[in-house]
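So you can see what is in the structure, the chains are spelled out below.
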Amino acid sequence: MQSEMIKRAKELLASGEVARVVGWKAGEFDYDITPGVFTTAEELDSAFLYNDLCEANLSKYMIAQSRKEGKTLVFLKPCDTYSFSQLLKEHRILRENVYVIGVPCDGKVDVDTVKATGLTGICSMTSDGETVTVKTLYGDSTMSKADAMSERCINCKSKKHVVYDELLGEEGDVVADNHRFDMVEKIEAMTPDERFEFWRNELSRCIRCNACRNVCPACSCEKCVFDNEQSGAFNKGASDSFEENMFHIIRAFHVAGRCTDCGECSRVCPQNIPLHLLNRKFIKDINELYGEYQAGENADERAPLNTFTTEDVEPSIVYERGGKQ
Amino acid sequence: MQKIGVFVCHCGTNIAATVDVKAVAEALKGEPGVVFSTDYQYMCSEAGQNLIKNSIKEYGLTGVVVCSCSPRMHEQTFRKAAQSAGINPYMVEIANIREQCSWIHKDIWSATEKAIILGKAAVAKVQLNAPLTAGESPVVKRALVIGGGIAGIQTALDIAEAGFEVDIVEKQPTIGGKMTQIDKTFPTLDCAACILTPKMVDCAQNEKIKIYSYSEVADVKGFVGNFTVKIKKKARYVDEDKCTGCGICTEKCPVKNVPNEFNMGMDNRRAIYIPFAQAVPKVATIDANYCNMLKNGKCGVCSKFCTVGAIDYKQQDTIVEEKYGAIVVATGFNPIKLDDFDEFAYSQSKDVITSLEFERLTNAAGPTSGTLLRPSDGKHPHTIVFVQCVGSRDTSGCGKTYCSKICCMYTAKHAMLTREKYPDTDVYVFYIDVRTPGKNFDEFYRRAVEEYGVHYIKGMVGKVVPRSDGTLMVQASDLLSNEQLHINADLVVLAAAIEPDKSARSLATMLTASMDTNDFFTEAHPKLRPVESPTAGIFLSGVCQGPKDIPETVSQASAAAAKVIGLLAKDKLTCNPCVAQANELMCNGCSSCEKVCPYGAITYSDKEFRMPDRTTAIRRVASVNEAVCQGCGACTVACPSGAMDLKGFSNSQIMAEVDAICK
Amino acid sequence: MQVKETNEFKPKIVAFCCNWCSYAGADLAGTNRLQYPADVKIIRVPCSCRVNPMFILRAFQRGADGVILCGCHPGDCHYTTGNYYTRRRMTLLFSMLDYLGIEKERTRVEWVSAAEGAKFAATMNDFVATVTKLGENKRLEDLRCKAK
Amino acid sequence: MQKQDKQELILRISGVNARKCMRCGKCSATCPAYDEMEYHPHQFVYMVESGNIEPLLSSDSIYKCLTCFACVERCPRDVQPAKLIEAVRLAVIREQDKNHMKKGDLPELLDEDLPQQAIVSAFRKYTK
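Line order of the protein sequences matches chains A, B, C and D.
With the working numbering applied, the first sequence corresponds to residues 88 to 412, in that order.
With the working numbering applied, the second sequence corresponds to residues 292 to 954, in that order.
With the working numbering applied, the third sequence corresponds to residues 13 to 160, in that order.
With the working numbering applied, the fourth sequence corresponds to residues 239 to 366, in that order.
Treat the hints as calculated values from the structure; they're not laboratory data.
Keep in mind that the hints are not guaranteed to be accurate.
Claimed, not checked - Covered stretches of chain B, as calculated for chain C (at least 3 residues, CB under 8 angstroms):
1. 358 to 365
2. 385 to 396
3. 561 to 567
4. 644 to 658
5. 926 to 939
Don't be surprised by glycine CBs; every beta carbon is placed ideally from N, CA and C.
Sequences and hints are given; from them, build the entire structure.
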């Protein structure tokens, strides 16, 4: 797949159809793959990568890249196309300046998941699609790819591209029977005290590095309310539990109905806070209360918070349902 | 930093009795920005306003906080006072320490503490207030009257008299409303048709008035001075312009068994019909539920006989869109359904009738040509029992909690007229109270008792039982003689409560006008603004606002007309300056705000911006049409970046209030 | 002024009321002299849809023990649709607060028309009682803002 | 017991707010036992409201009420006169500190012509 992608990218660059290519390249460690911009065939040959470790969602970069001179080629995995489509809906990306090539994805390997199995001193990781080989300071070990994938890929919601100019590889389908809300349900079933304990334990680790915000395709505001001294929510670093809660509640609320559940927030969090569980709670509530809605799936459908029906449930429903007391 | 003056009102003892006003004034002196703080007996009085004006000048105040009654009462008063003293009227904030403090708390200590906090919140808000200038919007010089009863007719005539165009929308085929069904009017006993029909004709002939009969309001958009209304003209299958009202079609129509609603279903009409002889417009209407031609394509008799070719079986409902500056609601009433009152045997016996049915039985144009006959056997009734308060003043859930107001008088009228025309009848009226406030009303009622010998009995009827001999056994209590009565009556007349027309509820939603729990429209102020809805540009006429008799309805109709004329006489209206405003530097152009705006006030354009790195970028940004925005603030919450804010109720102002309250 | 010493817990309640229905309803409660605790302080907003979740969190941060939002009945909004958005936004927000283990009873939305003075007073009495029972807001507090 | 206490007791037992009465007399108009009674349903309500309880306690009227609840059903103000009468009856019984009917009295009262409902109703009425 990687060579096929490089070939198409070169052709498009050579024909002048696109001025640059957005894809993936190796980061500081070879398992730490990072987004990259390529403008020449040589750069593509030497650095462009596409393998089971290319986790990053490239759609958000198109906000800035689509405003540059000439067209930009971007490679998007199925779940990235949802983010891309949502950004198009919000007029954030200039569609005419982007050439989208959809690439297949059957789940990505995640270093944090591998680390969680107890491996330390990881030097490199490779995957052949079935087995993942991990080289560590203390020797090599192998595991099946499924064991090395993060939760978001195991519970993949769709292998179908919702937007593209051309497709490489085979098109997949929406995965209807994924179990992405299992953990949310588990938390919902807790008592309020347990839930409070759970989230305090998670959110108290937040160091406000803003990685979640920076990576999130829905968090693309020109100026974030937390950076705006006039907004009343201005806050650079949480100085107590309230501000830790505040940042994540407001962030989740601002992306509610817009979040495509790409899971990048949790992936980049250096403190391994399961931030996607906040977004998924909103998605689950929206699905249950206002009908199934997948952000980014449909360009014409109104975002659930920007519409209503006269028969909507009353907020008091919150008192009536919920977990143990 | 603002220089703020605080003015604490005693409102006589309304505030001062439970709030230590001096302590409030004293406590607020210490708040940031406050340079002057005082209390006074009546801030809204001329002397009080002068105190504010003089203090503004003397201390160079830039902001004013008045701790007084609700801003709904006197915000305008104090804004005007501030303006006349040279500061922007929107630099005034009210702390509501009467309705929301002194009147609801008994304990002086906690009321005073709360008043201080409310004052602090207002001070904190004023700190962040900015002068606002109101825009202007043009006024469409045309009014819409919804409902063509006596209320709508009078309002329309008065507006037209002043030279403005006015349209009447009436859902029935003719204007006239309930008054057309009434025989005589109390207390003068002049004939209703004689005084109403000339007004109906006036409407038809007045070139300023356009009547949309057999039509309904389908949609209302816009705001005061500039409403856009869609009117649905229901298909009547008759060309209104061609029809001469000759009536040949109604004579020839073979469908003869349609219950005649004009006579309360006590006789029949044809499938094509003109409701009554003096209908306006005098145009036939085909009842699609009964017409054979429309139901199964077999007939066409009316079309054959119509000499002018007015019948059009293919006619469709049409939507007309019109612009109006003001809308008057005159949707009127109906008697309630009596299904929940089995004890009076209304559904069991034809001889138990409502008062409106009685009107038709005594009317010369009614089913009996004005001779009072029992509906069951057409015989002359010798004993008639009138029952008052049927479903009125009823808190049990079967009826209405309010007094329907008109029943005492029309029952006295019915009783009196019966005794006059048929002196051989015994007439009983069962009453709980006889309510006759009104000019010559009590005299009228006393005449019924003293001159006409109507038996007024204090007490209620418990049950009415139809008997095999065709009479009705009325069991009632006489509370004054303390006995239970059993009367054999030939006819029982129930004074059913009246309720707002069913169409009013959906109309209120379209107009965003508020209603009370009984579905009567609420007025902007129960005493001082009785003919206006709280929604600007919507006016109320007649029973849609509360039970009324004809003289009251006509007075209110004219009052509503005067208010409309006052509005239409203006060329421009001052807009509310508390509107949304987009900060282009922060706007993402995502369209969330546009999607939630109920007025379509937000538009987008591409603009060039200088970026921090000295490059320029073109960005899509929102802008708000200030004349269209009504200031609800839905957009401010839809906007994730906080680029959208509301002037006068900004994020920072509201948060400053929150902070002051929670401190 | 003499400060009265009490040991009983007095909750701080912020009530956001829409200008057209609920604020008028609160005024009507006043006109009818219907009592409710002085712990309730009303902030007037043009429409319930003006209330940003940030305001609610801010209130809790600054020491509120309960926040209640009152608007026109759905269908009766002065701005036609505002309260429908409020209904969705607040349903989701309250659900999220509950998900985080924060007492859901501290937040409430109630529809109060301009004619429902009695309902306004009854609602406030009930809400104050509920929050008083819950006690001080501990789960969404900012210790720096606590005056002690 | 003081006059006022009696009034309060009756209002409390019955759960009735006698002040809601608007004196329409529909209760009396609908009462099937009206002619048997010395004090009629509307008078009951008024007498309880005005605290004039003594005559009620000693009147036979309270045993004439059939507890048919017609007055409750018909009352436009939801005053529930039958409940008041029931409460007065109870007050009498409590004062006498004895029941008018015991379980053992029942068998001999059983009669084929008598509807069972009447016995149940009577038992309910006279055992409280």
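Which numbered hints are broken by the structure, listed smallest first?
3 and 4
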